[in-house]
Amino acid sequence: MVMVALIVAFYLLRYFFASATAYTSALAPMMIAAALAMPEIPLPVFCLMVGAAIGLGSILTPYATGPSPIYYGSGYLPTVDYWRLGAIFGLIFLVLLIVTGLLWMPVVLL
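Here full-length UniProt numbering is used: position 29 in the sequence shown is 29, and no number is missing along the way.
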């Protein structure tokens, strides 16, 4: 349960970073250090989930990745829709990340 809480926190903190590099370099080492301090967390599975969360979290905001401001600035999606769709797909991706992380990744690492 602690692993899921760390992954959810890591994923949702993506809202506060405009750069994927800054997000990864600031938070990934901190989350992995926290996981190292807790022996009940399987570290290989956790690291794979952190890596997946870095990419999946880029959908959350109109400034999260390089192409996002282009889509946002084109006016193709109104501001409200961009944030709404980011939240909807972000939650879907988070659920899929947790399900695959807890069920499938341990099988892959055998």
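I should point out that these hints are in silico values taken from the structure, not numbers from a laboratory. One should not assume that every hint holds.
Restraint ranges, calculated between C-beta atoms of paired labels, are given here [what the hints assert, rightly or not]:
hint, residue 1, residue 2, range
1, G66, V99, 40 to 46 angstroms
2, A20, W104, 21 to 27 angstroms
3, V99, I70, 19 to 25 angstroms
4, V108, F16, 14 to 20 angstroms
5, A37, V107, 24 to 30 angstroms
6, L13, Y82, 27 to 33 angstroms
7, A5, P106, 27 to 33 angstroms
8, L43, S19, 25 to 31 angstroms
9, A37, V8, 36 to 42 angstroms
Where is the CB? At the ideal position from N, CA and C, for every residue including glycine.
Here's how the hints hold up against the structure:
1. Distance hint check: the CB atoms of G66 and V99 are about 29 angstroms apart, inconsistent with the given range 40 to 46 angstroms.
2. For A20 and W104, the Cβ-Cβ distance of about 24 angstroms falls inside the hinted range of 21 to 27 angstroms, so the restraint holds.
3. Range check, V99 to I70: Cβ separation about 31 angstroms, and the 19 to 25 angstroms hint is violated.
4. For the hinted restraint 14 to 20 angstroms between V108 and F16, the CB-CB distance of approximately 31 angstroms leaves it violated.
5. The given range of 24 to 30 angstroms is respected by A37 and V107, whose C-beta atoms sit roughly 26 angstroms from each other.
6. For L13 paired with Y82, a C-beta distance near 19 angstroms fails the hint of 27 to 33 angstroms.
7. In this structure the supplied range 27 to 33 angstroms is violated for A5 paired with P106, their Cβ-Cβ distance being about 18 angstroms.
8. In this structure the supplied range 25 to 31 angstroms holds for L43 paired with S19, their Cβ-Cβ distance being about 26 angstroms.
9. Remark: the range hint 36 to 42 angstroms for A37 to V8 is contradicted by a beta-carbon distance near 18 angstroms.
Hint compliance for this structure: hints 1, 3, 4, 6, 7 and 9 are not met, and every other hint is.
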